[in-house]
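Guided by the hints, dock chain B onto chain A, whose structure is given.
The primary structure of each chain is shown beneath.
Number of protein chains: 2
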Amino acid sequence: MKLHEAPSPNARRVQIFMAEKGIDYKRVRVDIRAGDNLSPEYRAKNPAGRVPVLELDDGTFLAESVAICRYLEALHPEPNLFGAPGLEQATVEMWGRRAEFNFAQNVAGAFRNITGIFKDRETTVEAWGQVCAEVASQALRMFDERLAKSAYLAGDRFSIADITLGVAVDFAEAVKVIPLRELEHIARWRAQLASRPSWSAK
Amino acid sequence: MKLHEAPSPNARRVQIFMAEKGIDYKRVRVDIRAGDNLSPEYRAKNPAGRVPVLELDDGTFLAESVAICRYLEALHPEPNLFGAPGLEQATVEMWGRRAEFNFAQNVAGAFRNITGIFKDRETTVEAWGQVCAEVASQALRMFDERLAKSAYLAGDRFSIADITLGVAVDFAEAVKVIPLRELEHIARWRAQLASRPSWSAK
Numbered sequence: 200m201k202l203h204e205a206p207s208p209n210a211r212r213v214q215i216f217m218a219e220k221g222i223d224y225k226r227v228r229v230d231i232r233a234g235d236n237l238s239p240e241y242r243a244k245n246p247a248g249r250v251p252v253l254e255l256d257d258g259t260f261l262a263e264s265v266a267i268c269r270y271l272e273a274l275h276p277e278p279n280l281f282g283a284p285g286l287e288q289a290t291v292e293m294w295g296r297r298a299e300f301n302f303a304q305n306v307a308g309a310f311r312n313i314t315g316i317f318k319d320r321e322t323t324v325e326a327w328g329q330v331c332a333e334v335a336s337q338a339l340r341m342f343d344e345r346l347a348k349s350a351y352l353a354g355d356r357f358s359i360a361d362i363t364l365g366v367a368v369d370f371a372e373a374v375k376v377i378p379l380r381e382l383e384h385i386a387r388w389r390a391q392l393a394s395r396p397s398w399s400a401k
Numbered sequence: 200m201k202l203h204e205a206p207s208p209n210a211r212r213v214q215i216f217m218a219e220k221g222i223d224y225k226r227v228r229v230d231i232r233a234g235d236n237l238s239p240e241y242r243a244k245n246p247a248g249r250v251p252v253l254e255l256d257d258g259t260f261l262a263e264s265v266a267i268c269r270y271l272e273a274l275h276p277e278p279n280l281f282g283a284p285g286l287e288q289a290t291v292e293m294w295g296r297r298a299e300f301n302f303a304q305n306v307a308g309a310f311r312n313i314t315g316i317f318k319d320r321e322t323t324v325e326a327w328g329q330v331c332a333e334v335a336s337q338a339l340r341m342f343d344e345r346l347a348k349s350a351y352l353a354g355d356r357f358s359i360a361d362i363t364l365g366v367a368v369d370f371a372e373a374v375k376v377i378p379l380r381e382l383e384h385i386a387r388w389r390a391q392l393a394s395r396p397s398w399s400a401k
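Residue numbers (this note's numbering), protein chains in the order written: chain A, 200 to 401; chain B, 200 to 401.
This is chain A alone, in the form it adopts within the complex (with noise of 0.2 Å):
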């Protein structure tokens, strides 16, 4: 098994999700500033051009960082990070999309838009990232209420929605585009994120 990947907020997420389950494998580094990852080589891959990529030794190219979690917990079922099928499952999945659509997803708006990284290949607008980074950092708010009943964001124990949105917030922080408030319930959830040896696996 290889993972095609490059240092990004979604290869991380799925380098975290195989430490926790002890999972072996390559790596394949993918030059996404040269834009390797917008080659017609890699668009057979994945034709999306994103990273990563986790190649199966019959060579079937899955992408889609979730996508690539589900299919590794299919392979490897414990330790359980997806949720018991059912309430669970569901519970752990609304979390991981709200973390997705209301915090990752303007973070990343905000970083191409703000930076304007990748000029070369898109359209940025600088006044888009602004608002990007406004709604990010009020989403927080909405994370920081839910930590403060809950011990991790989908019940009480560590899930896949910890790592989409823990692994954002530590990108955020490092790109330092979002102003990040300084939220209680959060500060204690990273504090306990960042003791898990799966966390440092780069």
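Some hints could be false.
DSS-like cross-link-like pairs, simulated, lysine-lysine; straight-line CA separation at most 25 Å [what the hints assert, rightly or not]:
{"hint": "1", "chain 1": "B", "residue 1": "K348", "chain 2": "A", "residue 2": "K348"}
{"hint": "2", "chain 1": "A", "residue 1": "K244", "chain 2": "B", "residue 2": "K348"}
{"hint": "3", "chain 1": "B", "residue 1": "K318", "chain 2": "B", "residue 2": "K244"}
{"hint": "4", "chain 1": "A", "residue 1": "K318", "chain 2": "A", "residue 2": "K348"}
{"hint": "5", "chain 1": "A", "residue 1": "K201", "chain 2": "A", "residue 2": "K244"}
{"hint": "6", "chain 1": "A", "residue 1": "K244", "chain 2": "A", "residue 2": "K401"}
To be clear, the hints were calculated from the coordinates, so they are not data collected in a lab.
What follows is chain B alone, placed relative to chain A:
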């Protein structure tokens, strides 16, 4: 079981899903134009303030269309719309996410930023809406290429990925903010979707 809903692409995704499964439910109309989804009462059901929300008989509220559908799939496994666990499920999720991130999100971004329909509650940037429209239009080629080789988005049978993309394409056509290309394979596939009884679920 009650579905809190409003006429919207996300509510329609769940309505079609439930029609495919033959699930009976009550409807509660949420008036989004009047901002009912932003009231404290509604936010107690869904802090993200979005529709739809599924209310279970025990009073639990479940939000996010795909999370709702996955819960319903666990309760009513047939017809299977998420794929069998393992590679098929991951492939359905991969294509469903591509439909969301590459197309549906950009259609929503174009619609909201170009028309300013929610200007009373969010900052809109028209130039960004134009970027979204172009990106969404370009993304259709990837789906057309996929549908040249595959009967449905995730393989040889209908899945939730088809619901996600099909509803978004219908919406894009209805609101007229996207230059919809005449793409042969998408046209063939849309005709197949429209012929399903579930496609006219309301």
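Would you list, in rising numerical order, the hints stated earlier that this structure does not obey?
1, 4
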